[in-house]
Structures are given as C-alpha cells and as structure tokens.
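All chains, please: the whole structure from these sequences, using the hints.
With our numbering, letter number 230 in the sequence shown gets 230, and the count goes up by one each step, no holes.
Keep in mind the hints are simulated off the structure, nothing from the lab.
Since this is a predicted model, take the numbers as computed values, not measurements.
Treat the hints with care, since some could be wrong.
[Unchecked claim] Only pairs whose alpha carbons sit at most 27 Å apart, straight line, appear in this in silico DSS-like list of lysine-lysine:
id, residue 1, residue 2
1, 210, 9
2, 9, 149
3, 149, 135
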Amino acid sequence: KQGMDQNVKTAVYRCGIGHILAVSGLHVSAAVFVLMSILKLCRVNRYISFALMEVLLIFLTAMANYPVSAVRAAVMMNFLYAASLFRRQNDTFNSLSWAVLIICVIQPYSVYDSGFILSVAGTLGIGVFAPYMTKNMPQEMFLQRFIAKTALMLCTTLCVFPFSLFYFDETSLISPVTNLFAVPLCAVSMIAGLVYAFTGGAVDILFVSKIINEAVLRLSDILSDLRFTYFAGGSKAIAGGLIICVVMAALVLAL
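In structure tokens:
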C-alpha cells in the first residue's frame, strides 16, 4: 500500500473495494483462519490454539498501529472462537454490539471516526442485514447461489452507501459486483502471503499474490475510467443514490 500511486488508490476506492487496503475484518479473519487451520492439522489443544490466536491478534493490530476497524474485528474474533471454547452459540449481531460497546467505552470519540463507522456498517450489512434478507433464497443450483451472493453484496452496499457518500463525497455503483469477485481473490492473495510468513518462507507461493494483486489493480484502473461506475456527491446525486438504494432493496426482497 505504501508504494501505491494515489491514482491507483482512487481507482480501487471508486470500484468499491477500498476496504482491502485497510487492515480490517477481511485481513484479521484470513490471518486467524490460516493459523487455526495449521494448528488444527497439528492437533494442538484448543485452549493453546485460542491463546496463540490472541497473540496473533495483538501482533496484527499493533503492527497496523491499532486501527479501530482491526480492533473491532479482533474483538469479534474473540467472541467467535470463545463461543466454541465455552460451548456457547455465537451471534454476529451480539458480537458486533459488544465490540462497539467495548471500543466506545475505552475510546468514546471513535463514534466520529470514519473507519469505525464504515467498518461497523459493513459488518452489520454482510453479517446481519444481508443474511436476514437472503435467508429464504434458494441456493441448490450454481445460478441460484450466484444470485444469492449478489443479493448479499447488494445488501452490504446498502448499509455502507450513505456513510461512503458522507465521508468521501462519492460512492461506487459497482461495488456489489466487484466485491463478489475481488474479495475472494484478495483473500487467496492474503492467505498465500500468510502461509509464506507462517512457514518462514519454506512454502514460497508469493507469486500467487503477485499475479492476483496485479490483476485486481489493473481491472480497478480500467473500471474507474468508466464514468457510470461511480458518482460524486451533490443534491441530485444523493437523490439518485437513494432511489438506487430503494430499487436494490426491493429487488432483493422480491428475489
């Protein structure tokens, strides 16, 4: 990220996948997934695994200088794995609520932080609102699963849309589609990098990350040049955006 050109960063944000550039839930969950998978293969005790996960979470958040989005993801990850540890059920809405409460008690002014608001809105969208809206959609066939995933991304965009427009004065119109393809690719890229790091370079698969990263950035650059993929703020734009939100919600509900 440090070596990226500002135009490239703008292109990534206009495509609606700017969250991959900030240490957030996607990065934290990918790191924990790789670690816990390795520990499970090695048959490590679940209590020791949980302790090692804590060390990793502290390391990740400290290395990124404690961004509020990463702290939120770390708290929620604790609830997720602690639930199985203490034989309890995990609920995304409750975990998110606790994470918000803990962060705001420790640092009340987080409520004014754009990263915090966007992180909470995105998590609420993909973990609570989207599953509620799509839970009755059929997913037996490939096309049905694709439609359900697209609807899931539409619901997530609905939750992030107003805050994105408020903080950045422009928002992406193609984020449901780009996230559908880019997030899995970026997750693979991150996992490849983490496997390389956790094995001390013994498993050298960084070329996979290089290929994926270049492809995602090149595609973002191409799409951001198309004017219809995003729109800037303004009274008319906001009115149009709200109409789009209503249409998207109605479409998902109809599906």
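**Asked** Does residue 135 lie within 27 Å of residue 149 when you go C-alpha to C-alpha?
**Response** Satisfied, since the Cα-Cα distance of roughly 11 Å is no more than 27 Å.
**Item:** Restraint status (C-alpha distance of residue 210 to residue 9 at most 27 Å)
**Value:** It holds: about 17 Å lies between the C-alpha atoms, which stays within 27 Å.
**Asked** Does the structure keep residue 9 and residue 149 at a Cα separation of 27 Å or less?
**Response** holds, 26 Å
Hint compliance for this structure: no hint is broken.
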